[in-house]
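Asks: The listed protein sequences correspond, in order, to chains A and B.
Sequential numbering of the first sequence, starting at 92, is according to this note's numbering.
Sequential numbering of the second sequence, starting at 92, is according to this note's numbering.
Just so you know, not all the hints are guaranteed correct.
Unchecked claim - Far from chain B, by Cβ distances over 12 Å, these chain A residues were calculated:
no., residue
1, 201
2, 247
3, 268
4, 289
5, 291
6, 306
7, 314
8, 426
9, 444
10, 452
11, 473
12, 476
Claimed, not checked - If you want the ones that stay clear, here's a sample from chain A, every Cβ over 10 Å from chain B, calculated:
no., residue
13, 156
14, 203
15, 284
16, 373
17, 431
Stated by the list, open to error - Each computed SDA-like pair below joins lysine to any residue, with the alpha-carbon atoms no more than 20 Å apart:
no., chain 1, residue 1, chain 2, residue 2
18, A, 259, B, 291
19, B, 259, A, 260
20, B, 288, A, 241
21, B, 288, A, 260
22, B, 458, B, 134
No wet-lab data here; the hints were simulated from the structure.
C-beta atoms are modelled at their ideal positions from N, C-alpha and C, and glycine is treated no differently.
Protein chains: 2
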Amino acid sequence: MRIMVLGGDGYCGWATALYLSGKGHSVAIVDNFVRRQWDHELGAQTLTPIRPLADRVKAWYELTGRTIDCYNGDVTDYDLLSSLIQECEPEAVIHFAEQRSAPYSMIDRRHAVFTQVNNVVGTLNLLFALREYQPDCHLIKLGTMGEYGTPNIDIEEGYITIEHNGRKDTLPFPKQPGSFYHLSKVHDSHNMMFACKIWGLRATDLNQGVVYGTLTEEVALDEALINRFDYDEVFGTVLNRFCAQAAIGHALTVYGKGGQTRGFLDIRDTVRCIEIACLNPAGRGECRVFNQFTEQFSVLQLAQLTQAAAKELGMRVEIDHHPDPRVEAEEHYYNAKHSKLVDLGLKPHLLSNALLDSLLNIAVKYKDRIDAQLMLPRVNWRSTRNDRRLAMNVATGTPAV
Amino acid sequence: MRIMVLGGDGYCGWATALYLSGKGHSVAIVDNFVRRQWDHELGAQTLTPIRPLADRVKAWYELTGRTIDCYNGDVTDYDLLSSLIQECEPEAVIHFAEQRSAPYSMIDRRHAVFTQVNNVVGTLNLLFALREYQPDCHLIKLGTMGEYGTPNIDIEEGYITIEHNGRKDTLPFPKQPGSFYHLSKVHDSHNMMFACKIWGLRATDLNQGVVYGTLTEEVALDEALINRFDYDEVFGTVLNRFCAQAAIGHALTVYGKGGQTRGFLDIRDTVRCIEIACLNPAGRGECRVFNQFTEQFSVLQLAQLTQAAAKELGMRVEIDHHPDPRVEAEEHYYNAKHSKLVDLGLKPHLLSNALLDSLLNIAVKYKDRIDAQLMLPRVNWRSTRNDRRLAMNVATGTPAV
Numbered sequence: 092m093r094i095m096v097l098g099g100d101g102y103c104g105w106a107t108a109l110y111l112s113g114k115g116h117s118v119a120i121v122d123n124f125v126r127r128q129w130d131h132e133l134g135a136q137t138l139t140p141i142r143p144l145a146d147r148v149k150a151w152y153e154l155t156g157r158t159i160d161c162y163n164g165d166v167t168d169y170d171l172l173s174s175l176i177q178e179c180e181p182e183a184v185i186h187f188a189e190q191r192s193a194p195y196s197m198i199d200r201r202h203a204v205f206t207q208v209n210n211v212v213g214t215l216n217l218l219f220a221l222r223e224y225q226p227d228c229h230l231i232k233l234g235t236m237g238e239y240g241t242p243n244i245d246i247e248e249g250y251i252t253i254e255h256n257g258r259k260d261t262l263p264f265p266k267q268p269g270s271f272y273h274l275s276k277v278h279d280s281h282n283m284m285f286a287c288k289i290w291g292l293r294a295t296d297l298n299q300g301v302v303y304g305t306l307t308e309e310v311a312l313d314e315a316l317i318n319r320f321d322y323d324e325v326f327g328t329v330l331n332r333f334c335a336q337a338a339i340g341h342a343l344t345v346y347g348k349g350g351q352t353r354g355f356l357d358i359r360d361t362v363r364c365i366e367i368a369c370l371n372p373a374g375r376g377e378c379r380v381f382n383q384f385t386e387q388f389s390v391l392q393l394a395q396l397t398q399a400a401a402k403e404l405g406m407r408v409e410i411d412h413h414p415d416p417r418v419e420a421e422e423h424y425y426n427a428k429h430s431k432l433v434d435l436g437l438k439p440h441l442l443s444n445a446l447l448d449s450l451l452n453i454a455v456k457y458k459d460r461i462d463a464q465l466m467l468p469r470v471n472w473r474s475t476r477n478d479r480r481l482a483m484n485v486a487t488g489t490p491a492v
Numbered sequence: 092m093r094i095m096v097l098g099g100d101g102y103c104g105w106a107t108a109l110y111l112s113g114k115g116h117s118v119a120i121v122d123n124f125v126r127r128q129w130d131h132e133l134g135a136q137t138l139t140p141i142r143p144l145a146d147r148v149k150a151w152y153e154l155t156g157r158t159i160d161c162y163n164g165d166v167t168d169y170d171l172l173s174s175l176i177q178e179c180e181p182e183a184v185i186h187f188a189e190q191r192s193a194p195y196s197m198i199d200r201r202h203a204v205f206t207q208v209n210n211v212v213g214t215l216n217l218l219f220a221l222r223e224y225q226p227d228c229h230l231i232k233l234g235t236m237g238e239y240g241t242p243n244i245d246i247e248e249g250y251i252t253i254e255h256n257g258r259k260d261t262l263p264f265p266k267q268p269g270s271f272y273h274l275s276k277v278h279d280s281h282n283m284m285f286a287c288k289i290w291g292l293r294a295t296d297l298n299q300g301v302v303y304g305t306l307t308e309e310v311a312l313d314e315a316l317i318n319r320f321d322y323d324e325v326f327g328t329v330l331n332r333f334c335a336q337a338a339i340g341h342a343l344t345v346y347g348k349g350g351q352t353r354g355f356l357d358i359r360d361t362v363r364c365i366e367i368a369c370l371n372p373a374g375r376g377e378c379r380v381f382n383q384f385t386e387q388f389s390v391l392q393l394a395q396l397t398q399a400a401a402k403e404l405g406m407r408v409e410i411d412h413h414p415d416p417r418v419e420a421e422e423h424y425y426n427a428k429h430s431k432l433v434d435l436g437l438k439p440h441l442l443s444n445a446l447l448d449s450l451l452n453i454a455v456k457y458k459d460r461i462d463a464q465l466m467l468p469r470v471n472w473r474s475t476r477n478d479r480r481l482a483m484n485v486a487t488g489t490p491a492v
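Next comes chain A alone, as it looks inside the complex (with noise of 0.2 Å):
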């Protein structure tokens, strides 16, 4: 199958991109490379050391043979966009081009302008250029499990059923995100609805959860081909976040009394679930919602999980309970429904101690790499201003505030 991931240099991007080549799809990536340009603006860095991108493709073939195409590219440039997608012709395009970071998207006024209009422009972008050159497409976009914040009943795969005053009608569900980022995935949900009726496009919305993990089948063939590994506050998710934390012997950032609860996901299903769709393409006119998590937990049930495996390890690891800097329910009811990547097929990586040790062995080999100060929550939802721009002390290499 012919398949282009947008944003195929990023964390589940990457990771996207070499399993469908591995599986013997002809895969090409697109990417701005802005995700790394993000890291300088915050003065952070992934991890693990990764590659330039045509340094890691070329690893790939010289491995397994088999190339990946590259363009360096920005989605909301549609002149770009539609010239690639005439001359790729896709099968399927996976959309993992945007902005992805609440926090990031919660700095200030010029973050959040920023991220919704790079998001939305992007999928617009992309929706007009499949109906104009490539209608068969199958567009799988990758939406989160925030857009529907924490609703007092049970959370539906994109669509609930309402009945009301006597009659019935199945809807979208209703959505109630949690930040300026969160909110740019409802309105690119509420455009692919939309161009999917009016066009006949067919999408699948991936509303992912929470990734873990930074190792796949093939990202662990080689250290040229290894995946970033977030653990700042703005770009780290929280387990990740957490083993890093116990690398360094850093107490776990819990925020307020951490009942917050969400679906997660081991990095392995998170590509296994886009080829799953890729294989069961929507109808055309269709815009299919996927929940895309395989188990749920709250931010301090991980971080008791996570000090445990460390413990076994050898490694003692407090707990600190933070003020939240987000708006958000410390505790509330949480039941989503994610049956319907299952049915198709996917088999899941539960959260083992396994994984966990793996991903604390992780964190401890580049533990030199890690600044602790970047793992203190700094974004304040309350604020219009935080300003995470630091003033570097030259002499120590350190910050200066």
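Following the hints, put chain B in place on chain A, whose structure we already have.
Replies: Frame of chain A; chain B shown alone:
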């Protein structure tokens, strides 16, 4: 009360600014006059010969002794908007400053992207400016009944209580908007709800129906105060367009079967609803939604009412059914609640023969300004490239196509 009217040179904005000024409020208008520019782009003009804003407010002052401050500016320019908020210190801001036409947003990709970026960024800027400089100010934002689409259940005012699997919650009413413009309003609504939640802002989202009429008591004082009357297929609202068609003996353009049912209101009720919202502000942290319309009609019903009223005035008018250029249900259930504004004191001006006569007479008075070409549907939802730019025949002044 100190009130800012963003978009105060437009159709609803101008009528609102005069009404509030007439009631003794201190009114400041912010407008960048882009609505007038869109007329040039489309080769269209308002039926009524509106004056420049400076002349209008001068005439208002001469007639009433009341001043309205006017600022030229674009709400997507944060420096400008935030400085005006600081200067005016408004107790209420009424936000009309958006691209408000569904067909305009459906012309092509450029217009779709412009509409969403313009509307979303303007509203985000306003939310940030209020949070930073005037956090107690009441934001009154124009939404649209079109955000809801046409679900097969009763439409509530913004929120719906859902019972599901034995649990219950009150959630945002699911949205099924029918154009990239309507989608932009849904994006705004979600952004507003979030900003109220995290920053404690107070907001009223007025989901307005289709407005008809042009005369309010204040506008009627003098020809110099005359309001817009759009009749073209892009910006003309349906009843105004029908009256313009009747005035020149043009068949009324009904799209499809004409069973499309919507909420409608007289512009005299628009201005009163805005005042009611001002006088009864939302609480801190509250994002309140009112459905702002007074009666439901199908498009065919309105065509038949126009036909009958025209006949009384001695005009023979046909009704033409065109293939629907939009993707929408031509027959459907529709029952939208609209009691909250009535509970706060709205006394509706229902659609009467007298009002239809008045509208028809205005259309007849200015019929020499009507271009019949502009009333035929040319923006097709199914196409991504609807060329609205006409080559003009220089010799005849008529379109060359």
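Asks: Each hint should be assessed against the structure and marked as holding or not.
Replies: Hints, one by one, checked against the model:
At roughly 9 Å from the closest C-beta of chain B, the C-beta of residue 201 of chain A falls inside 12 Å, breaking its exclusion from the interface. Look at residue 247 of chain A: its CB is around 8 Å from the nearest CB on chain B, not clear of 12 Å, so calling it non-interface is violated. At the 12 Å boundary, the C-beta of residue 268 of chain A falls inside the reach of chain B, the nearest C-beta of that chain being 7 Å off. For residue 289 of chain A, the condition that its CB be more than 12 Å from all CB atoms of chain B is violated, with the nearest at approximately 4 Å.
Once the 12 Å rule is applied to beta carbons, residue 291 of chain A is inconsistent with being away from chain B; the minimum gap is 9 Å. The beta carbon of residue 306 of chain A sits about 36 Å from the closest Cβ of chain B, which is more than 12 Å, so the claim that it is off the interface holds. A cut-off of 12 Å between C-beta atoms confirms that residue 314 of chain A is not in contact with chain B; the least separation is 42 Å. A cut-off of 12 Å between C-beta atoms contradicts the statement that residue 426 of chain A is not in contact with chain B; the least separation is 8 Å.
A cut-off of 12 Å between C-beta atoms confirms that residue 444 of chain A is not in contact with chain B; the least separation is 33 Å. Listed as a non-interface residue, residue 452 of chain A keeps its Cβ farther than 12 Å from every Cβ of chain B; the least gap is roughly 38 Å. With a minimum CB-CB distance of about 6 Å to chain B, residue 473 of chain A fails to clear the 12 Å threshold, and the non-interface call is violated. Some Cβ of chain B comes within 12 Å of the Cβ of residue 476 of chain A; the nearest lies about 8 Å off, and the non-interface call is violated.
Here residue 156 of chain A stays apart from chain B, with its beta-carbon at least about 40 Å from theirs, past the 10 Å limit. For residue 203 of chain A, the non-interface assignment is contradicted: its Cβ lies about 6 Å from the closest Cβ of chain B, within the 10 Å cut-off. In this structure residue 284 of chain A is not separated from chain B by more than 10 Å, as the shortest Cβ-Cβ distance comes to only about 8 Å. The beta carbon of residue 373 of chain A sits about 18 Å from the closest Cβ of chain B, which is more than 10 Å, so the claim that it is off the interface holds.
No beta-carbon of chain B comes within 10 Å of the beta-carbon of residue 431 of chain A; the shortest separation is about 17 Å. Restraint check for residue 259 of chain A and residue 291 of chain B: not satisfied, since their Cα atoms lie roughly 35 Å apart, outside the 20 Å limit. Using a Cα cut-off of 20 Å, the hinted pair residue 259 of chain B and residue 260 of chain A holds, with the two alpha carbons roughly 17 Å apart. A hinted pair counts as satisfied when its Cα atoms are at most 20 Å apart, and residue 288 of chain B with residue 241 of chain A qualifies at roughly 14 Å.
Between the alpha carbons of residue 288 of chain B and residue 260 of chain A the distance comes to roughly 29 Å, so the proposed pair goes past 20 Å and is violated. For the given pair, residue 458 of chain B sits about 17 Å from residue 134 of chain B by alpha-carbon distance, which is consistent with the 20 Å threshold.
This entry does not satisfy hints 1, 2, 3, 4, 5, 8, 11, 12, 14, 15, 18, 21, going by the numbered hints stated previously.
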